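S.K.: Starting from two chains that each stand alone, build the complex the way the hints lay out.
Line order of the protein sequences matches chains A and B.
Residue 186 in this note's numbering sits at position 55 of the first sequence, with consecutive numbering throughout.
Residue 1163 in this note's numbering sits at position 105 of the second sequence, with consecutive numbering throughout.
Accuracy of the hints is not assured; some may be wrong.
[What the hints assert, rightly or not] Capping the alpha-carbon separation at 27 Å, the derived lysine-lysine pairs in DSSO-like fashion look like this:
id, chain 1, residue 1, chain 2, residue 2
1, B, K1141, A, K133
2, B, K1100, A, K210
3, B, K1141, B, K1100
4, B, K1115, A, K228
5, A, K176, B, K1115
6, B, K1115, B, K1136
7, A, K173, B, K1115
8, B, K1136, A, K176
9, B, K1141, B, K1115
10, A, K240, B, K1100
11, A, K173, B, K1100
12, A, K133, B, K1100
13, B, K1136, A, K173
14, A, K240, A, K173
15, A, K240, A, K210
[Unchecked claim] What follows is a set of in silico ranges between Cβ atoms, one per label pair, in the way DEER data are often shown:
id, chain 1, residue 1, chain 2, residue 2, range
16, A, R190, B, T1063, 29 to 37 Å
17, B, E1117, A, E136, 12 to 20 Å
18, B, T1163, A, G140, 22 to 30 Å
19, B, S1131, A, D170, 26 to 34 Å
20, A, E136, B, L1088, 28 to 36 Å
21, A, G189, B, L1097, 30 to 38 Å
22, B, S1139, A, S212, 37 to 45 Å
23, A, G185, B, E1117, 29 to 37 Å
24, B, Q1072, A, K173, 25 to 33 Å
25, B, R1138, A, G185, 42 to 50 Å
26, B, R1080, A, E187, 36 to 44 Å
27, A, K176, B, T1134, 20 to 28 Å
[Said to hold, decoys possible] Coverage of chain B stretches by chain A, computed from C-beta distances (three or more under 8 Å per stretch; other residues unrestricted):
id, region
28, 1100-1109
29, 1112-1118
Everything labelled a hint here was simulated from the structure, so no lab data went into it.
Only a predicted model underlies this, so the values are computations on that prediction, with no experimental measurement involved.
Ideal placement from N, C-alpha and C gives every residue a C-beta, glycine not left out.
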Amino acid sequence: RKEVEQDPGPFNVPEGATVAFNCTYSNSASQSFFWYRQDCRKEPKLLMSVYSSGNEDGRFTAQLNRASQYISLLIRDSKLSDSATYLCVVNINGGFKTIFGAGTRLFVKA
Amino acid sequence: EPEVTQTPSHQVTQMGQEVILRCVPISNHLYFYWYRQILGQKVEFLVSFYNNEISEKSEIFDDQFSVERPDGSNFTLKIRSTKLEDSAMYFCASSERVGLSSGNTIYFGEGSWLTVV
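Chain B with its partners taken away, still in its complex shape (with noise of 0.2 Å):
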């Protein structure tokens, strides 16, 4: 089954440090979703991205985030200034079409896990 990679798995890092975290969509899907989950709470949405822009955003998708799809392949996440409150599993998803609807899957990668110390 094809399938969303994250790297890095896990990374610690610094309060007030740049976080990137990488995400490789699967192939043919045109459309690209990153969630985060802070331990022991919910899946949040953070952002879908299509066609190069951000299509639609939450409340916790500040300035102090932002995504990129850098070349045909990545898709990342990054965080300018990282708080102690954004530590969490950061899921990359993909889907080949907008959303969730019938016949179309959004497919999560394993997730990156954020540190901030």
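Only chain A is shown next, with the shape it has when bound in the complex (with noise of 0.2 Å):
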């Protein structure tokens, strides 16, 4: 099983639309979490940290579940900008180890 794992997509959304990426990890012991966000050939940019409580920044929205060992990202108001890869990951063994999901790949289209 894969680390951590995240539906491939392509999401292909219209403006204003909502979207959900979901993202499961394996390893119990991760400590904690995070969505990226990745343009094309450019390097990944911290979206956001995922909280046990849920916590939303503007129109995201990140959930974790360590029961379930599954995170999530919702966006509401889809805009063109949002088009990019999104990341889900992973920090553990103290932190010094960071583990990536391959990504989710969204288009907003207008």
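M.R.: Laid out in structure tokens, this is it:
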């Protein structure tokens, strides 16, 4: 089983749509969880941290279920600029080792 | 915003040659990382470095790879004898505190694209 697994997509949605991405992780000792965004041939950039209580940043909402080892990202009112690959990221081993999922590709169309 | 800088942005090398990729982390950061991303594949952790020694390394980071902080500002990744499968984007990253945790962010450089021919 992959350490971090994501639906590769692509997700093709119209502007204004709500879209949800899922991610599962296999290592129960995983300590911290994040969503990163990566534009084509660019470096990953932190989108948001994921907390057990769930957290929101504008149009983005992240959820974590430790019991199910599951992380989600919800994007509301999609914009064209949201088109990117969304990476689920898990931190283990006291923080020194970071595992990236393969990413979910999102295309938002006018 | 402070940034991690990497050089070169693109390097083409012949198989078997040594390559050194250079990085200047953000100045007050203490933790440094190298990742790689083969075209079309996921970002893969290679190594983390703190206090002038390797803190963690992945299975990918074998004896062909080494890292060094030769002075107070640079952080380098050396690949001793490149193979075709080393062709990838190599990202350097740094953070103020260890790894990813609440309030701590790993900042990535723009990457060095290595092509082995």
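S.K.: Against this structure, judge whether each hint is valid.
M.R.: So, going through the hints one by one against the coordinates:
| no. | hint | result |
| --- | --- | --- |
| 1 | K1141(B) <-> K133(A) | 26 Å, holds |
| 2 | K1100(B) <-> K210(A) | 24 Å, holds |
| 3 | K1141(B) <-> K1100(B) | 19 Å, holds |
| 4 | K1115(B) <-> K228(A) | 8 Å, holds |
| 5 | K176(A) <-> K1115(B) | 22 Å, holds |
| 6 | K1115(B) <-> K1136(B) | 14 Å, holds |
| 7 | K173(A) <-> K1115(B) | 23 Å, holds |
| 8 | K1136(B) <-> K176(A) | 25 Å, holds |
| 9 | K1141(B) <-> K1115(B) | 19 Å, holds |
| 10 | K240(A) <-> K1100(B) | 25 Å, holds |
| 11 | K173(A) <-> K1100(B) | 13 Å, holds |
| 12 | K133(A) <-> K1100(B) | 12 Å, holds |
| 13 | K1136(B) <-> K173(A) | 22 Å, holds |
| 14 | K240(A) <-> K173(A) | 21 Å, holds |
| 15 | K240(A) <-> K210(A) | 8 Å, holds |
| 16 | R190(A) <-> T1063(B): 29 to 37 Å | 31 Å, holds |
| 17 | E1117(B) <-> E136(A): 12 to 20 Å | 19 Å, holds |
| 18 | T1163(B) <-> G140(A): 22 to 30 Å | 25 Å, holds |
| 19 | S1131(B) <-> D170(A): 26 to 34 Å | 28 Å, holds |
| 20 | E136(A) <-> L1088(B): 28 to 36 Å | 32 Å, holds |
| 21 | G189(A) <-> L1097(B): 30 to 38 Å | 32 Å, holds |
| 22 | S1139(B) <-> S212(A): 37 to 45 Å | 42 Å, holds |
| 23 | G185(A) <-> E1117(B): 29 to 37 Å | 34 Å, holds |
| 24 | Q1072(B) <-> K173(A): 25 to 33 Å | 27 Å, holds |
| 25 | R1138(B) <-> G185(A): 42 to 50 Å | 46 Å, holds |
| 26 | R1080(B) <-> E187(A): 36 to 44 Å | 39 Å, holds |
| 27 | K176(A) <-> T1134(B): 20 to 28 Å | 23 Å, holds |
| 28 | 1100-1109 | holds (count 6) |
| 29 | 1112-1118 | holds (count 3) |
Violation of the numbered hints given earlier is absent; every hint is satisfied by the structure.
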